[in-house]
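Undergrad: Take a look at the letters that make up each chain.
Protein chains: 2
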Amino acid sequence: MDEDFWAVLPAGGAGTRLWPLSRRSSPKFLHDLTGSGQSLLRATWERLEPLVGPRFLVVTGASHADAVRRQLPMLPDDAVVAEPSPRDSMPAIGLAAALLERRDPGAVLGSFAADHVVTRPDALRKAVREAVALARRGDLVTIGIAPTRPATGFGYIRLGDRLGVPGAPSGCRVDAFVEKPDAQTAARYLADGRFRWNAGMFVARAATLLELLGQSRPDMVATLRAIAADPRHLDALWPTLERIAIDHAVAEPAAAAGRVAVVPAELGWDDVGDFASLGPLLPAQAQVGGIRVATGAEHLLALDSTGVVSAGSGRLVAVLGVDDVVVVDTPDALLVTTRSRAQDVKQVVDALACRGRSDLL
Amino acid sequence: MDEDFWAVLPAGGAGTRLWPLSRRSSPKFLHDLTGSGQSLLRATWERLEPLVGPRFLVVTGASHADAVRRQLPMLPDDAVVAEPSPRDSMPAIGLAAALLERRDPGAVLGSFAADHVVTRPDALRKAVREAVALARRGDLVTIGIAPTRPATGFGYIRLGDRLGVPGAPSGCRVDAFVEKPDAQTAARYLADGRFRWNAGMFVARAATLLELLGQSRPDMVATLRAIAADPRHLDALWPTLERIAIDHAVAEPAAAAGRVAVVPAELGWDDVGDFASLGPLLPAQAQVGGIRVATGAEHLLALDSTGVVSAGSGRLVAVLGVDDVVVVDTPDALLVTTRSRAQDVKQVVDALACRGRSDLL
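Protein chains in written order, with my numbering: chain A, 28 to 388; chain B, 28 to 388.
A few of these clues could be false.
[Unchecked claim] Mimicking SDA-like on lysine to any residue, the simulated pairs with C-alpha atoms at most 25 Å apart in a straight line are:
1. B:K373 to A:D350
2. B:K373 to A:T179
3. A:K153 to A:R221
4. A:K373 to B:Q314
5. B:K373 to A:G317
[Stated by the list, open to error] Rough simulated footprint, nothing fancy, chain B against chain A, three-plus residues with beta-carbon under 8 Å:
6. 358 to 371
7. 378 to 387
None of these hints come from the bench; they were simulated from the model.
Ideal Cβ placement from N, Cα and C applies to all residues, glycine included.
Only chain A is shown next, with the shape it has when bound in the complex:
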């Protein structure tokens, strides 16, 4: 694809609801959660490489930079940007934009979380090509995922009119980004047909992104450009940046101003937020009885049971007569819960923190 298009991969977030697989010291994006043979980070790189070749910027926590480099050894050294501390997505993506703007004033960037799953990478690449065509016109562009269930865990995008831009036949205006809905509202969105899941994928010219950010936060833009001009300022300036998500800082106000476009797509996407969402992403062949197996099928004995199991300690895991169970077995910690409580696993992590068990976090 065009030599001015870059993939930015924010690789942050602890994946707390995926404890004990995901740990603070080894977060979700470094793991192969679905038994695909590669980590979520590596799979993200693989599906975008045909579009951008070597043009990646991975923005990650300083403590994970080495692990990221080990998983992506094909990238040049300066492709990994280490945040001194987590400041949410706007500073991370904004810094990437400032860095790219210096390399190429016309650069277009696409930002894709490093810890999501996409089972139809061809469809993603097709959608991104359309998004780049729209972004060249000066819009902020997002990919809108066709919802497959009334999910309450995602924000939604309400589609507006079709734009009819050459090279982007699916492109529409975005009417609005809407917050995570309750179950009833989510069912209405699903039935309505005009709503798409917001997967946090954004495509824009670097200059456009900084311009939109500058409308509400000119100081942040100045700081990001100062860091990009001389990375020796990173440690001093980074802590002064506001913690804020790109959705609130840029996407929502830009949508209100009619500056956001969307490419609707069916990608087999999921953010793998918890073990309940992991089950349907696991391949059908990774099934033992009624159990979907994330890892260690050879260590699982399942009788009359349904749910999700990761048998990752090498011990035998026997599950008998339990429905919708989640069992995650690791060498130093075991989790037993249900699919319906999978979203509450953070409570376990919080309780461990209270007990001072930082060795397990």
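Fit chain B to the supplied structure of chain A, relying on the hints for placement.
TA: Leaving out everything else, chain B in the frame of chain A:
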């Protein structure tokens, strides 16, 4: 108590439904299932020692004889009788009777399984004293446990008339032993008031037991006496003995002939047949949230959950939002099931055997 009263402890059975705590190589009676600080075998010895002093015979599988001697080092060497192979309870107790009859023709024996729990040992000793008084008159005597729930996993004893024997004020005739009932019948037995659980405890003169056995199986009695006379015959003769339980070989026909008495008692007894029955036996202080803990309370984190957990591998066990769960964590195998399926744990063991995982049995 009288110098002619002996305790016989049949220490057999794999405790298959308590896998993975109980293994073929290390069966139930060798384990401290209830967190009491001592194994079921050792606790059985402790509650009978005030009655019999050193007069114990433990009949166990040859492969467990050393472990039994290690757990009961206070017993003389010849107190542990090693069966070459399991032949069910009649040959085991019958051999003990033949051995005791040679030592003391008037010996009275009480047979008590080595893998049961009794939470009121004083009440047991009081009942046994009455049983010995009845046994001296030539009856086979059993202890009838007051049922506390409509259990379908135990056989029952139907009480007959009170006997009015001096030294045994509670003693009654046994009308009949009845098989494990279905749920409806069990509820009827509980309401009826005349039914007691058959805990497999039998008290009789050694000579009485052999006489009753000889009525249907004179050859077995002859073989047992031959082994007792010269233990060098054990290996050759033992495999010729019929596999049969004492209930069928002696207790049921003797009851039909009016030769069985019973001492009803409330003992806090359970045979700890599976993990569901383990829960109520665990001390209230061994509770984490709604979970009863068999071992490793310090390794358990329980949120919004009920059930039974044994956290025996040293790893953290986190249970979140699961009701009536059973989690048994050991260094090489993990079991996750429910209280209602606890009785089916044998299916797991069978499946492991099919897979050739004898290392885990």
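Undergrad: List in ascending order the numbers of the hints, as given earlier, that are violated by the structure.
TA: 2
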